[in-house]
Amino acid sequence: TAHVTPIECCFDYAQKPMRHMQSYYMTPSDCPMPAVVIVTANGDICADPKKPWVKKAIKKLQKKK
1 TAHVTPIECC
11 FDYAQKPMRH
21 MQSYYMTPSD
31 CPMPAVVIVT
41 ANGDICADPK
51 KPWVKKAIKK
61 LQKKK
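Mapping the sequence shown onto the UniProt record's numbering, position 38 (from 1) lands on 38, and the numbers just tick up by one.
Just so you know, the hints here were simulated from the structure itself, not pulled from any lab data.
Treat the hints with care, as some may be off.
Here are the simulated lysine-lysine pairs, DSS-like style, with alpha carbons at most 30 Å apart [said to hold, decoys possible]: (1) K64 to K51; (2) K16 to K51; (3) K16 to K56; (4) K63 to K50; (5) K55 to K16; (6) K16 to K59; (7) K16 to K64; (8) K51 to K63; (9) K64 to K50; (10) K50 to K60; (11) K50 to K16; (12) K16 to K60.
So the derived label-pair ranges between C-beta atoms look like this [stated by the list, open to error]: (13) F11 to K63: 13 to 21 Å; (14) P32 to K63: 28 to 36 Å; (15) D30 to K63: 16 to 24 Å; (16) N42 to E8: 26 to 34 Å.
Virtual Cβ for every residue (Gly too), placed ideally from N, Cα, C.
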């Protein structure tokens, strides 16, 4: 059987912070690239979980909850 990649996988990362962030989630562990998906008013973006701006954004979003 062929390996099926989950739909929620990211193949490219956003390079800078986005505005109007609403929430976030992690991509499944079977994706080729680990990523944080940040949900914004303008759609979802993929971000590198190792980047400082991504860590800061996650902290900010966790405070909102």
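Evaluated hints:
1. The suggested pairing of K64 with K51 holds, with an alpha-carbon distance near 21 Å, which does not exceed 30 Å.
2. Only pairs whose Cα atoms come within 30 Å are accepted, and K16 paired with K51 is accepted, the gap being roughly 10 Å.
3. Distance restraint check for K16 and K56: the Cα-Cα separation of roughly 12 Å lies within the 30 Å cut-off, and the hinted pair is therefore satisfied.
4. Under the criterion of a C-alpha separation no larger than 30 Å, the hint pairing K63 with K50 is consistent with the structure, at around 20 Å.
5. For the given pair, K55 sits about 12 Å from K16 by alpha-carbon distance, which is consistent with the 30 Å threshold.
6. Proximity of K16 to K59 is assessed by CA-CA distance (about 16 Å); at most 30 Å being required, the pair is judged to hold.
7. Our distance criterion of 30 Å between C-alpha atoms is met by K16 and K64, whose separation comes to about 21 Å.
8. A threshold of 30 Å between alpha carbons decides the hint, and for K51 with K63 the separation of about 19 Å falls inside it, so the pair holds.
9. With a C-alpha separation of about 21 Å, the suggested pair K64 and K50 falls inside the 30 Å cut-off, and the hint holds.
10. Annotation: proposed proximity of K50 to K60 holds, straight-line Cα distance about 16 Å (limit 30 Å).
11. Among the hinted pairs, K50 with K16 is consistent with the structure: their alpha-carbon atoms are about 13 Å apart, no more than 30 Å.
12. Pair hint K16 plus K60 holds up; C-alpha atoms about 15 Å apart against a cutoff of 30 Å.
13. Between F11 and K63 the beta carbon distance is about 30 Å. The supplied range of 13 to 21 Å is therefore violated.
14. For P32 paired with K63, a C-beta distance near 31 Å keeps the hint of 28 to 36 Å intact.
15. Separated by about 30 Å at the C-beta atoms, D30 and K63 break the suggested range of 16 to 24 Å.
16. Between N42 and E8 the CB atoms are about 18 Å apart, so this pair departs from the stated range of 26 to 34 Å.
Checked against the numbered hints above, the structure violates hints 13, 15, 16; every other hint is satisfied.
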